[in-house]
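Engineer: So the chains spell out like this:
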Amino acid sequence: MPTFFQVIEFLGTFAFAISGIRLASAKQFDWFGAYVVGLATAIGGGTLRDLLLGVTPFWMTNSVYLICSAFALILVIFLGKWIIRMDVTFFIFDTIGLALFTVVGVGKTISLGYPFWVAIIMGCLTGAAGGIIRDILINEIPLIFRKEIYAMACVIGGVIYWLCYHIGVPPIFTQLISGLGVFAVRLIAVKFRITLPILKGKEHNS
Amino acid sequence: MPTFFQVIEFLGTFAFAISGIRLASAKQFDWFGAYVVGLATAIGGGTLRDLLLGVTPFWMTNSVYLICSAFALILVIFLGKWIIRMDVTFFIFDTIGLALFTVVGVGKTISLGYPFWVAIIMGCLTGAAGGIIRDILINEIPLIFRKEIYAMACVIGGVIYWLCYHIGVPPIFTQLISGLGVFAVRLIAVKFRITLPILKGKEHNS
Amino acid sequence: MPTFFQVIEFLGTFAFAISGIRLASAKQFDWFGAYVVGLATAIGGGTLRDLLLGVTPFWMTNSVYLICSAFALILVIFLGKWIIRMDVTFFIFDTIGLALFTVVGVGKTISLGYPFWVAIIMGCLTGAAGGIIRDILINEIPLIFRKEIYAMACVIGGVIYWLCYHIGVPPIFTQLISGLGVFAVRLIAVKFRITLPILKGKEHNS
Chain A
1 MPTFFQVIEF LGTFAFAISG IRLASAKQFD WFGAYVVGLA TAIGGGTLRD LLLGVTPFWM
61 TNSVYLICSA FALILVIFLG KWIIRMDVTF FIFDTIGLAL FTVVGVGKTI SLGYPFWVAI
121 IMGCLTGAAG GIIRDILINE IPLIFRKEIY AMACVIGGVI YWLCYHIGVP PIFTQLISGL
181 GVFAVRLIAV KFRITLPILK GKEHNS
Chain B
207 MPTFFQVIEF LGTFAFAISG IRLASAKQFD WFGAYVVGLA TAIGGGTLRD LLLGVTPFWM
267 TNSVYLICSA FALILVIFLG KWIIRMDVTF FIFDTIGLAL FTVVGVGKTI SLGYPFWVAI
327 IMGCLTGAAG GIIRDILINE IPLIFRKEIY AMACVIGGVI YWLCYHIGVP PIFTQLISGL
387 GVFAVRLIAV KFRITLPILK GKEHNS
Chain C
413 MPTFFQVIEF LGTFAFAISG IRLASAKQFD WFGAYVVGLA TAIGGGTLRD LLLGVTPFWM
473 TNSVYLICSA FALILVIFLG KWIIRMDVTF FIFDTIGLAL FTVVGVGKTI SLGYPFWVAI
533 IMGCLTGAAG GIIRDILINE IPLIFRKEIY AMACVIGGVI YWLCYHIGVP PIFTQLISGL
593 GVFAVRLIAV KFRITLPILK GKEHNS
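Residue numbers (the working numbering), protein chains in the order written: chain A, 1 to 206; chain B, 207 to 412; chain C, 413 to 618.
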């Protein structure tokens, strides 16, 4: 029986893969290309984290992430039009994925003995780097650099994790509160259209 | 004296480097840029594989790959027009490279004790990721996501490797049959214009 | 008290971060996106080097690089127009950064026992790969593949390092001469508009 945590992780991976596959389909990728982009979106952030931490990438010890991305592809192939209309559902899944991935990234980094500021960066990478890799693969400017609060939600979640950890909140609640923090920040930001200021400049190389 | 295997590896590296350098030349890169793109095409896949496997990248212990890519650059500089007409020759070299790189990637991963599905992924990465890195460097959508059977040939070669290994075929024949499988699949796919279905969708972010 | 070397390193990191943030601002990135691009420009090359060498990325043990990039962002936010006019100043900083990063990369690789040709490549990566990552993130063709002598200055600096090392020059002078070599080559190349030949070709895939 999968635990509650594993079900959540499955949903998050699934939502991330769907987001990659949908964008790939807009570029007329074939099934293989769409699968690669979906998979890279789902596991790219955690893979970068694990490479930086010097541990074996998480998906190399458990095939569930690959299977989960394959399910996402099959769903888009068979139910494409229906899926494309489910924007709100996938926004929720995606935000759950973001929250969960952030918490996993922060927790894993701390358990390896790194300082907290490294853990917060790793939380951000786990949550947001997959989307950056996705956008590089489809040759677009990464969305999260220009649109909405996204990675900032991970930063805030990481800081909440650190505060909880510091004042001695039990691990399970620390994770829950931090994850809810990410979820809430992203939800509020999108709902009230809160964005970061834009840097304006002229094209200029140094 | 180089072995038969080493000669094949040299040809594969060479063909991959040429493919990178030709595309770089279409973008008006300078010699250095073209060399970097050629080199990244030739060694990028194996480097990513070795980083994921946690071993020293293969080209850091043997300078032949860098020299081979330099030869490719010199050839394109001096014989550019002549080379550009040799499409069929380079298609053959490139496909040999793909087959060999796949077999090397699968074999290396198994020898490190990873399960077979990891080995198949590593075979694909070794064969196909160099081309993806090349296309990112020249700022194009990766060709293999939209055109022809390419990475799928690696997957099929990996599965053949696994089957042979499973029923106890001796290593040398396992490698040969698997490599020939990759070669044959790609050849047949291009010859009969067999492609994977395209995913069609609208531009849409989640 | 920071040493002379640390001050130089701070200036180099700062100049690299500024270069990333300026280009990000030309693409209308938000503050977070600009910070990420600035940081990636400043630490991307060294991170790639450390991943390839199999050691912990340098910025994970010292937060000064992140803080330094944050200063660069604040400066651009508050003094953007003024900064954009300081082309010559930043060209000097950037070239100092290039020289220093190259020397650090070569030195670190040698101290880990790798052969010299690996060290020269790592010197180039440390100095130039950050700019390539920056250009990938802003979805442009990497500048250094088409413009000016840049990475070639790193190669020449690396060769000078090797020569000095070989004939027994004390480490501190080896580093100084090699760094000055990088600086001089880049300065002379820009001053006299010396460039590498361009490879010309037609769009063509193999």
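FYI, nobody ran anything at the bench for these hints, they're computed from the structure. Ideal Cβ placement from N, Cα and C applies to all residues, glycine included. One or more hints might be untrue.
To be verified - Selected chain B positions facing chain C (in silico; Cβ < 8 Å):
1) Q212
2) V242
3) N268
Stated by the list, open to error - Residues of chain C placed beyond 12 Å of chain A at every Cβ, according to the derived structure:
4) T415
5) R434
6) F444
7) M472
8) S523
9) E552
Engineer: Determine for every hint whether it applies to the structure shown.
Structural biologist: To see whether the hints hold, each was checked on the structure:
At about 19 Å, the closest approach between the beta carbon of Q212/B and any beta carbon in chain C exceeds 8 Å, and the interface hint on this residue is violated. At a threshold of 8 Å, the smallest CB-CB gap from V242/B to chain C is about 7 Å, leaving the interface hint in force. The criterion of a C-beta within 8 Å of any C-beta in chain C is not met by N268/B, whose closest approach is roughly 10 Å, and the hint is violated. Distance check for T415/C against chain A: the nearest CB is about 23 Å away, which clears 12 Å, and the non-interface claim stands.
Not every CB of chain A lies more than 12 Å from the CB of R434/C, the least distance being 5 Å, so the non-interface label is violated. F444/C, annotated as away from the interface, has a beta carbon of chain A within 12 Å; the closest lies near 5 Å. Remark: the non-interface label on M472/C conflicts with the geometry, its nearest Cβ contact in chain A lying 5 Å away (cut-off 12 Å). At roughly 19 Å, the least C-beta separation between S523/C and chain A is larger than 12 Å, which holds for a residue marked as non-interface.
Not every Cβ of chain A is farther than 12 Å from the Cβ of E552/C; the closest lies at roughly 9 Å, contradicting the non-interface assignment.
Hints 1, 3, 5, 6, 7, 9 from the earlier list are contradicted by this structure; the remaining hints agree with it.
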